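Asker: Given these sequences and hints, build the entire structure.
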Amino acid sequence: MAAITSIPVSPPPLSILKILQQPRSLIVLVLLMWLPLMLNVMLAGSISETVRPYLLLPAIPSALILYGVGVLSWRESPIAIIGLTLIFFWLIVAVSVPFLPLVDPNKPIAPFAPIGAVKNNHYFILGADFKGRDMLARTLWGCQRVLVWGVTATLVAYLVGCIFGLVAGYLGGWWDQVISFIANVLLSFPVMVLFILIMNYLGASGFNIVIAVTFASAPAIMRIVRGLTFDTKNRDYIFAAQTRGEHPLRIMIYELLPNARGPIIVDACLRLGYTTVAITTLTFLGLGLQPPDPDWGLMIKEAANVAKSPQFAYMLLIPALSVSSLILGFNLIADGLREMSLRD
Amino acid sequence: MSVSEQTPVLECRNLCISYFTRAGEIPAVVDFNLKLMPGEAHGIVGESGCGKSTVALAIMNYMGKNGGIVGGEILFEGRDMRTMSGEELRRIRGSKIAMVYQEPMASLNPSMKLGEQLAEVPIYHEGVSREQAIERSQKMLASVRLPDPQRIMNSYPHQISGGQQQRVVIAMALLSNPKLLLLDEPTTALDVTVEAGIVELIKEISAKFGTSLIYISHNLGLILETCSRLTVMYSGEAVESGDIGTVFTKMRHPYTRGLFSSIPVPGADKNMRPLRSIRGQLPLPFARPTGCYFGPRCDHFVAGRCDQGILPMLPVESGSSHFVRCVRFNEIDWSRATTRSDQHAPIETGAIVLNVSDMSKHYTIESGSAVLLGAKKTVKANERITFRAREAETIAIVGESGCGKSTFAKVLMGLEGATNGKVQLGDVDLANLPVQRRSENVISRLQMIFQNPFDTLNPSHSVGSQISRVIRKFGVERDPAKVEERVNQLLDIVKLPRDFAKRRPRQLSGGQKQRVGIARAFAGDPKIVIADEPVSALDVSVQAAVTGLLTDIQRENRTTLLFISHDLSVVRYLADRIIVMYLGKIMEKGTTEEIFSPPYHPYTEALLSAVPIADTSVKKRKIVLTGEIPSPSNPPPGCPFCTRCPYVMKGICDTQVPPQREMAPRHVIACHLDEATLRAMQPVITIEPREMEAELVAGGA
Amino acid sequence: MLKLIASRLLQMVLIMGVVSALLFFIFDSDKFKKQIAVAELGGFAVSALSDQDYQNWLERKGLNVPFYERYAKWVGGILTGDLGKSYQTNEPVATLVADRLKKTGILGFWVFALMIPLSLTFGIIAGMKEGSAQDRITSFISIVTTSLPEIATAVILMSIFALWLRWLPANSAMVGGWNWLALVLPVMTLVLYDFGYVARMTRASMAEVMTSQYIRTAILKGLPYKRVILRHALRNALIAPFTIIVLQMNWLLSGVVVVEFFFQYAGFGKLLLDAALFGDIYVIQAATLVAVFVAVLSQIISDVGYSFLNPRIRFS
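Residue numbers (our numbering), protein chains in the order written: chain A, 2 to 345; chain B, 2 to 702; chain C, 248 to 563.
Don't read these hints as lab results, they were simulated from the structure.
Computed from a prediction, not measured in an experiment: that's the story for all the values here.
Mixed in with the good hints there might be a few duds.
Straight line, CA to CA, 30 Å or less: simulated DSS-like cross-link-like pairs of lysine-lysine [as the list claims (entries may be wrong)]:
id, chain 1, residue 1, chain 2, residue 2
1, A, 120, A, 108
2, A, 19, B, 140
3, B, 204, B, 483
4, B, 483, B, 503
5, C, 473, B, 66
6, B, 114, C, 349
7, A, 309, C, 349
8, C, 473, B, 97
9, B, 503, A, 234
10, B, 209, B, 114
11, C, 376, C, 473
12, A, 234, B, 204
13, B, 496, B, 483
14, C, 349, B, 381
15, A, 234, B, 36
16, B, 378, C, 250
17, C, 473, B, 140
18, B, 474, A, 234
19, C, 376, B, 97
20, B, 114, B, 140
Cβ-Cβ distance ranges computed for the label pairs, FRET-style [to be verified]:
id, chain 1, residue 1, chain 2, residue 2, range
21, B, 288, A, 208, 37 to 45 Å
22, A, 72, C, 260, 48 to 56 Å
23, A, 174, B, 658, 28 to 36 Å
24, C, 260, B, 526, 52 to 60 Å
25, A, 31, B, 480, 53 to 61 Å
26, C, 379, B, 526, 43 to 51 Å
27, B, 23, C, 559, 57 to 65 Å
Where is the CB? At the ideal position from N, CA and C, for every residue including glycine.
Answerer: Below you can see the structure in the form of structure tokens.
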């Protein structure tokens, strides 16, 4: 927060934007938003329920500022801004949901209350599910787990994929042969089959989703990074570093990686979408996140057996559209970023 | 055809072309005029970004979706092409106007057989039958002197070499007997000896088919060889046009003059008659000055005259066909217009610093997959390389693609190990010492300058951090303040502003990047610098500045320079000693004087003849090699040059390794020709005395 | 070419070997053995079982020997066409898998039959003129449809066509016999999701080809536009989509799990999921291996096809 509060009030807003756009302040803001949310979801059981919501307080302004900075920096690309808006809608909901005037998402009030009904002194804006729980509260709360596990899983997969990709691409030879073979083995599984096997073996939990996503995504990421490394490693500036006698590790991290960041960021956005699909689908299949806490995949799973007539279709449609909007957001950002990188 | 002889084939009148981007309209070509008579060959010359290729595409009326003709007209045989319908244009394209492109490989469809790509032209333009079309294509292939047209018709583009591909493209262009042939840098992507063959062919075309040519090139020497008239372009404008002879000897625009004085022609010398570069940089298209676009870089600039209004093209004398876009051309005293540049005494070379003896580097490549264990092939990238380099000496390694010069650099830098032989730096043998095992001291003594300015700097880091990394890595300085000071000093040495340290490479021009590359190479006070084609990717006026800089720093630090190049003109200008390589072997080595005068190795002779020289007083003996450079993975046994050598002796050259003939102390020629034959060779380049109103290169003796 | 195919086939055998051994190793854990016991004897009975009884049960089931011995036996079985028996239904695995595979095959056939022409046509029309209205509309449609995961598409399509319009059955279990109408929703769901991806890839490939220099050459040769597109552009632009389409077989095997489960279509995906939830080792084994086989085979076809379509690789 120090980076933000220390700015004097006097300079014009443009220079505040400049300061906020610096990598350092962006990292601070992202951490301020992300860490509380992550702790809130991952350590749900071990933090006392009275403290838990307050953890999220610093995350709310950070998310809002980040959204503002994002919109201003990407104003060239309307596509990216629509995507950003979708993502930040859910992010801001995720960090502020404890403070919104909502009922307990797990409290049964009035089963099958349709959209707009008032039952048992409660106004159901989006209706209630078959157990009588408020759909609005469940939908808004439901984004927390998907976002946290989805982003964490993608990050871990990227870390693993990048390391192996850099090693295989830069060092080549046996390293490449072995890493590529392992990747080929993993890539021969249809993704869902691999997910089912791993989740079945490890048991259903958020952390195991991270592991499953890593196994499923890291080989593909490794291939991308390896390819980018192949493209870059014959550049003269890499030769220059080699002829200076730089350590391979330094060349990989300092000389190669920064130049691969463009395609990596675009791919990471797409992959966040895939991971969201995967988590929701796994939960829907009963292999992912477990009840009773709200989750979109879970909502579809639970409603799929009961919503057999058109007036109850909302129970399925609301979570389905929510998850689609989040994925659309990731895809639009990827598209916008790709378009912007092509323009330069 | 009812068009009379007097009608020009092509006429551009006040042509203006712009590109429309999000930033607004960017004028690419302004007020361009050209008149091309039947059978005439017209050259358009200029540096990158001057709009010369845009003119060619405008003539074809192919501007892409964001380009357009905004003013003037293009008349083809008297008809304005802008008023033609799409269908009319299509009929003209490829039949009456044809084009040859810079990159033959990219211009041919990779998934279609060449025969089909050729036959299309008569089929769609003249409606002939497929059989006839194929027959005509085959004949045309033979007339562009491609061996075995039958085989080429059935090949895909990647199956033939670059020079052959370009001949196919030319054949394709000639198939409908066009009135006008546009050649856009047709030899830039090719090796010099291959280029010479293509240039010969182009010269024949206008004679044989009566085709009018527009030849676009950055190389004045090539224009001299192929054209009768030329237009010099600068920043979207034609600045001078006229007959070749007039423009080459009596140029009337300061830019043209600047261009000529930055080209290394025979007679230029790094010590006595150094090249002069044009100061400053090409203005960006949206930041051109008012008045003369060349004004800010011109030595004859007069405020209030040169920066006013729009300058017209003026005839040099009334009625002459020599035009120039300069308001002061009549006031400048052209006979003494050049300022003297610094002369230097020749550098005294010192002790031997690098001793390479019998160094060989072989690669094994496996043909076939690893699983099925195919036969192994050996590529002899370097074979028994032997030479010595002294302190402060400049040694040039000359050769075309595949000659092994880059492999040699890699061995020297420790990125590859040598297969045999020794590379002695002081008392350390570098031949099999990978860079990881070299001491900091050894590494810092040997540094490298790279070819591609767009590749030499890491785009993700600032210029300053890339230079300071070298300083810290080699322990020149440790204290941050001193490191920064040293970075600033180095930027001063390469004549770049100090605030460039904070810039990213993408904010720099090609020449500026190359200067940073030089600063980085010299940051660790090296004893030997390997420069791998450091100027070949730069425009000529920038080339002169960078070579000048390099020699200045070398003189100052007494550095040994190993200059790797394919360009004999630059080499002649820079080098003290030259090593000529072909397919991994040394063909000839000696002093610059010895290499450029007889006795020659037959390859050196051909190479000298192939290099285009932009000087009307130079006469060259024509030796055009047939065939292509063989693949380095499958070189001929015996002398590697035997497949193309005009002196080849069957049964000897293609079977036995040629002897090393020492013609003079340290002048060695590897050839089967006996000493007498070699000594009897005539000079390739002769300079005829001629009258010139002013010495282009300052300080003439 | 033959060398390429041979080396890829060899690699496939290697991968299948590794995968099957890995599966036996994974399902060797006590947890899975218990899971089978629970499924067969009931949770209460298992917890009441003494150690000795449990060991006896394992022995009776042949689960007490080390996994590599079972693996060796299983490999031997495969060679004679015996894939073992399902713990769940006691049916021979081979017939079970074959039956389900046939059903999924029908589903997959229709998905490809609709998706390929649809996405190629849209992709090529969009890529022909980059930035035009047709390009923008196609790009928008395809980005939205790829953003809808199969469950969302399934939910939406079912709500519209089955719940509101009542045109199609919401359930594709087909208990009353084969019903073509019940196939429509699963096929539509899969086509809609995959269409966007393939169309975007085709568009990108076509757009890249259209900016290439050889297309410029073809236009400046004075060829009619139709010839430029059909003869010069398409051939090169379809190389990349071809490999992508073949690789969609792998994706389809993921997609069918979700779709078949949602619509209760008794196909291969549902078999795999049911077996996984039950811990039916031999069925999982066989199903996974079939899935991996199809996936690797599609990779080989895509590789070989790519080099066949690309003369630059074919003749080098």
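Asker: Next, verify each hint and record whether it holds.
Answerer: Quick rundown of the hints versus the structure:
1. A hinted pair counts as satisfied when its Cα atoms are at most 30 Å apart, and residue 120 of chain A with residue 108 of chain A qualifies at roughly 14 Å.
2. For the proposed pair residue 19 of chain A and residue 140 of chain B, the alpha carbon gap of about 66 Å is over 30 Å, so the pair is violated.
3. Straight-line distance between C-alpha atoms of residue 204 of chain B and residue 483 of chain B comes to about 59 Å, which puts the hinted pair past the 30 Å bound.
4. Between residue 483 of chain B and residue 503 of chain B the alpha-carbon distance is near 17 Å, which keeps this suggested pair within the 30 Å criterion.
5. About 19 Å separates the Cα atoms of residue 473 of chain C and residue 66 of chain B, which keeps this hinted pair within 30 Å; it holds.
6. The straight-line distance between the Cα atoms of residue 114 of chain B and residue 349 of chain C is roughly 42 Å, outside the 30 Å bound, and the hint therefore fails.
7. Our distance criterion of 30 Å between C-alpha atoms is met by residue 309 of chain A and residue 349 of chain C, whose separation comes to about 29 Å.
8. With a C-alpha separation of about 21 Å, the suggested pair residue 473 of chain C and residue 97 of chain B falls inside the 30 Å cut-off, and the hint holds.
9. A C-alpha spacing of about 25 Å is found between residue 503 of chain B and residue 234 of chain A, which places the hinted pair at or below 30 Å, so the restraint holds.
10. The suggested pairing of residue 209 of chain B with residue 114 of chain B holds, with an alpha-carbon distance near 28 Å, which does not exceed 30 Å.
11. With a C-alpha separation of about 14 Å, the suggested pairing of residue 376 of chain C with residue 473 of chain C holds against the 30 Å cut-off.
12. Between residue 234 of chain A and residue 204 of chain B, the direct Cα distance comes to roughly 42 Å. Violation of the 30 Å bound is thereby established for this hinted pair.
13. Simply put, residue 496 of chain B and residue 483 of chain B have alpha-carbon atoms about 20 Å apart, close enough for the 30 Å limit, and the pair holds.
14. This hinted pair does not check out: residue 349 of chain C and residue 381 of chain B have alpha carbons roughly 57 Å apart, beyond 30 Å.
15. Distance restraint check for residue 234 of chain A and residue 36 of chain B: the Cα-Cα separation of roughly 49 Å exceeds the 30 Å cut-off, and the hinted pair is therefore not satisfied.
16. With a CA separation close to 18 Å, the supplied pair residue 378 of chain B and residue 250 of chain C stays within the 30 Å bound.
17. With a C-alpha separation of about 28 Å, the suggested pair residue 473 of chain C and residue 140 of chain B falls inside the 30 Å cut-off, and the hint holds.
18. For the hint pairing residue 474 of chain B with residue 234 of chain A, the CA-to-CA distance comes to about 21 Å; that is within 30 Å, so the pair holds.
19. Distance hint between residue 376 of chain C and residue 97 of chain B is fulfilled; the C-alpha atoms sit about 27 Å from each other, no more than 30 Å.
20. Restraint check: the Cα-Cα separation between residue 114 of chain B and residue 140 of chain B comes to about 17 Å, which is no more than 30 Å; the hinted pair holds.
21. At roughly 57 Å, the beta-carbon separation of residue 288 of chain B and residue 208 of chain A lies outside the given 37 to 45 Å, and the hint is violated.
22. Restraint check, residue 72 of chain A to residue 260 of chain C: a C-beta distance of roughly 54 Å satisfies the suggested window 48 to 56 Å.
23. The hint said 28 to 36 Å for the Cβ distance between residue 174 of chain A and residue 658 of chain B, and at roughly 34 Å that hint holds.
24. Distance hint for residue 260 of chain C and residue 526 of chain B: a CB-CB separation of about 58 Å, consistent with the stated range 52 to 60 Å.
25. Taking the beta carbon of each, residue 31 of chain A and residue 480 of chain B are about 35 Å apart, not inside 53 to 61 Å as hinted.
26. Between residue 379 of chain C and residue 526 of chain B, the C-beta spacing of about 58 Å breaks the proposed range 43 to 51 Å.
27. Roughly 36 Å separates the CB atoms of residue 23 of chain B and residue 559 of chain C, a value that falls outside the hinted 57 to 65 Å.
In terms of the numbered hints stated before, the structure departs from hints 2, 3, 6, 12, 14, 15, 21, 25, 26 and 27, listed from lowest to highest.
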